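Trainee: Here's the letter readout for the chains.
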Amino acid sequence: MKKFKKFASFLVCMTMLTGCGASSSEPIKETGAPEKQAQTESSNKGEVTTLNVALWDYTSLEYHKKLVAAYEKRNPTVKINVIEAPANDYSDKVAVMLAGNSDIDVVFIRDTASYTGYISKGQLEPLDSYITADTVDLSAYGGMCEQYGVDNQIYGLPYRKDIWMLFYNKDLFDQAGIAYPTDNMTLEQYRETAKKLTSGEGSDKIYGALNNKWTQSVSNLAMFEGTHSLLDGDYTFLKPYYDTVLAMQNEDQSTLEYSTIIASNIHYSGPFYNGQVAMMPMGSWFINNMLENTANGTTAVNWDVAALPSLNGDIGNKGVGAITPVSISSKSKNKDLAWDFVKFVTTEEGAQILAECGIMPAYSSESVLNTLTSIKGFPVHGKDLLLNTTDITIEFPVDEKWTSINKIIGEEHELMMINEVGVDEELATLSQRVKDEVLN
Amino acid sequence: MKAINNKSIKKFLTVCAFILPNFIGLFIFTLLPILFAFVLSVMEWDSANPMTFVGIDNFLRLFKDKTFQIAFMNTIYYVIGTVPITLMASLGLAMVLNSKIKGRNIFRTVFFFPYVASLIAVVVVWNMLFHPDMGPINSMLSFLGVKNLPKWAASVKWAMPTVILFSVWKYMGYYMVMYLAALQGVPKELYEAGDIDGTTKWQRFRYITLPTLTPTTFFVVIMLTIQAFKVFDIIYAMTDGGPGRSTTVLVSYIYAKAFTEFEFGYASAMSIILFAIVLVITIIQFRTEKKWVSYM
Amino acid sequence: METVSYKKIISKVVVYTLLLLLLGVALIPFLWMLSASLKANKDVFSFPIQWIPHPIVWENYIEIWKKIPLITFILNTMKLTIIITVLQVVTSSLASYGFAKLEFKGRDLLFLCYVSTIAIPWQVYMIPQYLIIQKMNLVDSHWSLIILQAFSAFGVFLMRQFLISIPKELSEAAKIDGLSEFGIFGKIMMPLAKPGLATLTIFTFVTIWNDFMGPLIYLNSTDKKTIQLGLRLFITQFSAEYSLIMAASIVTLVPVLIVFLSLQKYFVEGIATSGLKG
Numbered sequence: 066m067k068k069f070k071k072f073a074s075f076l077v078c079m080t081m082l083t084g085c086g087a088s089s090s091e092p093i094k095e096t097g098a099p100e101k102q103a104q105t106e107s108s109n110k111g112e113v114t115t116l117n118v119a120l121w122d123y124t125s126l127e128y129h130k131k132l133v134a135a136y137e138k139r140n141p142t143v144k145i146n147v148i149e150a151p152a153n154d155y156s157d158k159v160a161v162m163l164a165g166n167s168d169i170d171v172v173f174i175r176d177t178a179s180y181t182g183y184i185s186k187g188q189l190e191p192l193d194s195y196i197t198a199d200t201v202d203l204s205a206y207g208g209m210c211e212q213y214g215v216d217n218q219i220y221g222l223p224y225r226k227d228i229w230m231l232f233y234n235k236d237l238f239d240q241a242g243i244a245y246p247t248d249n250m251t252l253e254q255y256r257e258t259a260k261k262l263t264s265g266e267g268s269d270k271i272y273g274a275l276n277n278k279w280t281q282s283v284s285n286l287a288m289f290e291g292t293h294s295l296l297d298g299d300y301t302f303l304k305p306y307y308d309t310v311l312a313m314q315n316e317d318q319s320t321l322e323y324s325t326i327i328a329s330n331i332h333y334s335g336p337f338y339n340g341q342v343a344m345m346p347m348g349s350w351f352i353n354n355m356l357e358n359t360a361n362g363t364t365a366v367n368w369d370v371a372a373l374p375s376l377n378g379d380i381g382n383k384g385v386g387a388i389t390p391v392s393i394s395s396k397s398k399n400k401d402l403a404w405d406f407v408k409f410v411t412t413e414e415g416a417q418i419l420a421e422c423g424i425m426p427a428y429s430s431e432s433v434l435n436t437l438t439s440i441k442g443f444p445v446h447g448k449d450l451l452l453n454t455t456d457i458t459i460e461f462p463v464d465e466k467w468t469s470i471n472k473i474i475g476e477e478h479e480l481m482m483i484n485e486v487g488v489d490e491e492l493a494t495l496s497q498r499v500k501d502e503v504l505n
Numbered sequence: 015m016k017a018i019n020n021k022s023i024k025k026f027l028t029v030c031a032f033i034l035p036n037f038i039g040l041f042i043f044t045l046l047p048i049l050f051a052f053v054l055s056v057m058e059w060d061s062a063n064p065m066t067f068v069g070i071d072n073f074l075r076l077f078k079d080k081t082f083q084i085a086f087m088n089t090i091y092y093v094i095g096t097v098p099i100t101l102m103a104s105l106g107l108a109m110v111l112n113s114k115i116k117g118r119n120i121f122r123t124v125f126f127f128p129y130v131a132s133l134i135a136v137v138v139v140w141n142m143l144f145h146p147d148m149g150p151i152n153s154m155l156s157f158l159g160v161k162n163l164p165k166w167a168a169s170v171k172w173a174m175p176t177v178i179l180f181s182v183w184k185y186m187g188y189y190m191v192m193y194l195a196a197l198q199g200v201p202k203e204l205y206e207a208g209d210i211d212g213t214t215k216w217q218r219f220r221y222i223t224l225p226t227l228t229p230t231t232f233f234v235v236i237m238l239t240i241q242a243f244k245v246f247d248i249i250y251a252m253t254d255g256g257p258g259r260s261t262t263v264l265v266s267y268i269y270a271k272a273f274t275e276f277e278f279g280y281a282s283a284m285s286i287i288l289f290a291i292v293l294v295i296t297i298i299q300f301r302t303e304k305k306w307v308s309y310m
Numbered sequence: 002m003e004t005v006s007y008k009k010i011i012s013k014v015v016v017y018t019l020l021l022l023l024l025g026v027a028l029i030p031f032l033w034m035l036s037a038s039l040k041a042n043k044d045v046f047s048f049p050i051q052w053i054p055h056p057i058v059w060e061n062y063i064e065i066w067k068k069i070p071l072i073t074f075i076l077n078t079m080k081l082t083i084i085i086t087v088l089q090v091v092t093s094s095l096a097s098y099g100f101a102k103l104e105f106k107g108r109d110l111l112f113l114c115y116v117s118t119i120a121i122p123w124q125v126y127m128i129p130q131y132l133i134i135q136k137m138n139l140v141d142s143h144w145s146l147i148i149l150q151a152f153s154a155f156g157v158f159l160m161r162q163f164l165i166s167i168p169k170e171l172s173e174a175a176k177i178d179g180l181s182e183f184g185i186f187g188k189i190m191m192p193l194a195k196p197g198l199a200t201l202t203i204f205t206f207v208t209i210w211n212d213f214m215g216p217l218i219y220l221n222s223t224d225k226k227t228i229q230l231g232l233r234l235f236i237t238q239f240s241a242e243y244s245l246i247m248a249a250s251i252v253t254l255v256p257v258l259i260v261f262l263s264l265q266k267y268f269v270e271g272i273a274t275s276g277l278k279g
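Residue numbers (the numbering used here), protein chains in the order written: chain Y, 66 to 505; chain A, 15 to 310; chain P, 2 to 279.
Hints are computed from structural coordinates only; laboratory data are not their basis.
Any given hint could turn out to be false.
[Unchecked claim] Covered stretches of chain A (in silico footprint by chain Y; criterion: 3 or more residues with CB under 8 Å from a CB of chain Y, positions within the stretch not fixed):
1. 57 to 70
2. 265 to 274
[Unchecked claim] Cut-off 25 Å, straight-line C-alpha distance, at most; resulting in silico cross-link-like pairs (SDA-like, lysine to any residue):
3. Lys171/A / Tyr269/A
4. Lys102/P / Ala31/A
5. Lys278/Y / Gly487/Y
6. Lys195/P / Thr228/A
7. Lys398/Y / Asp60/A
8. Lys260/Y / Val488/Y
9. Lys270/Y / Leu163/A
Since we're looking at a predicted model, the values are computed, not measured.
Ideal Cβ placement from N, Cα and C applies to all residues, glycine included.
For reference, chain Y alone in the conformation it holds in the complex (with noise of 0.2 Å):
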């Protein structure tokens, strides 16, 4: 039994070897990523090379097919690997991935949180030099690549970029007898209307709006003016979107209620396909949910957009949204090839793809937006829109803390949304959460 015993400290000496060894931060290059050893050796040999592009969707949303094999098409000696994983689980797999140092080449990001967490872990490439060196207009991306830059530097390039808009079914309106939308609606007018789309009762109830269960519903129709931070620990500006949309909620009963939402599992574009919202506040990615679904027969409504809602109505040329950068991960073994690919993506050609793919490319210029707006179906009034908006604020924003507080702002908006708590106190609550948890 000594022997058993003998046995079990040298495991246990073991463990804490190859325990702290694991833990060390070295690169560990030779073994690291032996799996890909094959791949470097042919490229040597001036064969094909391959780099792995971490993907979500790939296999569900055509344009990121379209994109790969249009890359591939051009470069005949490089292989994309793509590996991809479902959206919901992919910031996961990738914090997986990277911490186990793996092979990944290039890297596109799912949202700001992960994004502001490689970065601080030294696992995202700073591009600024590969900027510099292409000359990359930056212009294009409309200040919104700065927006997502960390110390003065930039970690990733945008491929795609979604500005929130008001969609709304014309034919309720028409029906109705109201007119549609203008890009200066007021807050006010935007809860009158609704009230007024609202009729019937039971599943036959056409609601005159759809705020969807998101704390980005609410609160992006306040960072749209730019003028306000989610970041400082004060909340108290949040208050007359909190009040409108709850009154719309509670007293006029123009929206599908949060809790509907919730206990329901509704994804948002159900009740507008069916033509049972007037009016809806979302992303400019459902414009291409309803041309695919418009073309596939699943919808038949006749529908435009018109800027979001604002407190006073007057907004210029602002808008609020979000872009998706690509990015290069530090342990990449071909970061010269990892730029060749993310600049394509990126810019004129990658965003041509985009466009004809109704997506709205990060990257803008005059024939990519044409390409966009000549799609058959498009949004007579998107063209306008997309013209005007140029003065886009980030509806998140890209800071390491952002995580935390987002965690804050999602509970405490769903006490707000299920009437648990009223408004005024409530904001006061999250107000002192974030300040207590977070900033101290």
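Starting from the known structure of chain Y, fit chains A and P onto it as the hints suggest.
Mentor: Just chains A and P, lined up with the frame of chain Y:
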């Protein structure tokens, strides 16, 4: 001397032959990583930058962390709510379905169903049934004259009971299978002997069936407790910790800390607490296990 | 006499009513899945619940095979599930015999460690686990999942509880007859533990079949992926095709039910005790 040595070596080898095939694999792929988590609990680590030793800071921080405390209490609530009910429901079902009942194979299969069916589907159905305004459950309650209908998953007060009900429903078939299998090991002779003595059904259950089932009950209680302390999937799918923090449990908080805030040291410290609780419960169970009658 | 049969009838009625009620509750999700799988996607969540789809969209059951490589996913899942289940049942029952019937120093302590490790959530040890698998060069290979899941503390615990209730007299008698420990294990214990083996088989099969996190982390190539990853392909960042998810779920549920039904014969009273007589 030599003979004894040979004998003990042989015995040692026999033990190894039985234990090692499992132990080696488990050691390398589970125990080592878990030991690593133990080390992490006194470190600060974001999964990439070098770790720094912080001593018991992570544990001290738990005492000040309000969300941790809420998550801890919610977990206890969930454990107390699910373990006894699931235990009794699964045993009851197994007893009934072990007797010669018509169509018992169908019953057994269907009761196992909630465990097998995809979580997405069952959560969706459950939420629809418990829908505050339009769900059949509340319609029935209001038909029975209940005022102030509960808002179930959409209210701070009722969210946890809703999750608990769901969990009992999902897992009772699972442990029913376990009990069904164990019931096959109850020697018939014992019942026959009981028949001669003229015992009642309840006495037979109490003094013959139940004692024979103790190893299984031991297993079920421990596994239920562990599973309840580790609950994550069903909460993530049903309420995602909400409304507010009313159903935030330990592992959802651990998950958030590890995977969205990259605080692996702190997350590990929390899981050590989980480990300690389960260890204590298991030791208590172990002690009592030895006193139980059925061990032969 | 009359009162007895009267009582019996009443208790039977009560039992059957309760069972049927529970049957309904347990069946509802299945019926909902079935109904949703035959609807157009936009009608899946319409309220009040429409149990009989109108119109019935049979095409969903054709779509699922066209939209994703479902056959590949099913074959991969079957391969993984069968290999892992066999390995887990074999290694677990061997080890459980060690813990239940052999005596050695530190046995109970080691077993206690086994059980308590089940309590650690995978979220905290996933990264070190990944590092080990990666050093072994097994990422994006089925081997990663096989070696991670073939050795389980849960299986050992489960089997130990079955073996421990088998009377000692049996193995002692066998020892006198000259049977080795392996002989006792193979010829006496395992036949008696058949219900336990059946339970472990079912549990492992279901767990591996429905596993999502393991394949998510360790499998990259589409041709290696499993059903649970495949189902998520119907949910994208901007939309979710629940009708197709439900159709695919129903199809992939069939093998699990077949396994469950075919193992039911081991849950019939009397099997385990047959060895006791004589």
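Trainee: Hint by hint, which ones does this structure get wrong, listed from lowest number up?
Mentor: Violated hints: none at all, because every hint is consistent with the structure.
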